[in-house]
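Using the sequences and the accompanying hints, generate a full structural model.
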Amino acid sequence: SAVISQKPSRDICQRGTSLTIQCQVDSQVTMMFWYRQQPGQSLTLIATANQGSEATYESGFVIDKFPISRPNLTFSTLTVSNMSPEDSSIYLCSVEGANGVTDTQYFGPGTRLTVL
Amino acid sequence: KQEVTQIPAALSVPEGENLVLNCSFTDSAIYNLQWFRQDPGKGLTSLLLIQSSQREQTSGRLNASLDKSSGRSTLYIAASQPGDSATYLCAVRIQGAQKLVFGQGTRLTINP
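Chains as they are written, first to last, in this note's numbering: chain A, 1 to 116; chain B, 117 to 228.
It is worth saying that the hints were derived from the structure and are not from the lab.
In silico DSS-like pairs for lysine-lysine, Cα to Cα no more than 25 Å straight-line:
id	chain 1	residue 1	chain 2	residue 2
1	B	K158	B	K215
2	B	K215	B	K117
3	B	K215	A	K7
4	A	K7	B	K158
5	A	K65	A	K7
6	B	K215	A	K65
See the structure below:
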């Protein structure tokens with residue numbers, strides 16, 4: 001498996017501001033993903049973070065709202081821009097391909113975001 | 117479009133009972149299926165992964181089965197313990213993609 005950390009673990013933000021969430025993995029991975037879990041809901045994929053190129057976004061998610069960076073094989077950031085209360089969710093980073101293990105996705109502890 | 121459904125949404129049983137959680141999916145063209153556990157306010161812990169060519173996987177007191185043709189998977193928990201209390205999520209990976217499609221989860225409570 002992989003050890004995944006996320007910062008911050010939680011935050012309370014004012015509407016109209018932006019928050020950048022960091023995801024750090026203890027080993028190089030081939031794939032990194034960002035998911036959102038709205039209150040009482042299941043997980044929805046926001047985008048796949050591609051190293052050295054633009055992220056691939058799912059339907060309903062756009063780069064202007066959720067810019068993503070992935071500068072290397074162990075680190076990625078997700079920014080939630082111009083936040084509104086509807087953005088209050090848990091944001092989770094997941095990885096695949098750690099230590100040569102394919103097919104299985106491992107998840108970070110999540111970032112709990114509350115927007116007032 | 118792949119849809120994943122988990123029944124029941126919530127389940128409460130006394131300690132020591134064996135129990136079954138259900139997961140169904142609409143498109144049988146899956147690559148694999150993964151069961152996760154999520155504790156309140158926490159991330160996901162991977163429990164079991166079943167490849168599309170497999171019928172079941174076991175880990176300790178957990179056994180997951182897969183019937184791809186009927187679009188169903190079950191997670192069997194033997195001799196349940198209070199520490200098993202959590203939300204259990206199943207997710208399918210679509211063939212040709214890395215994307216996981218999640219069910220809504222089953223919130224399990226084991227009463228001492």
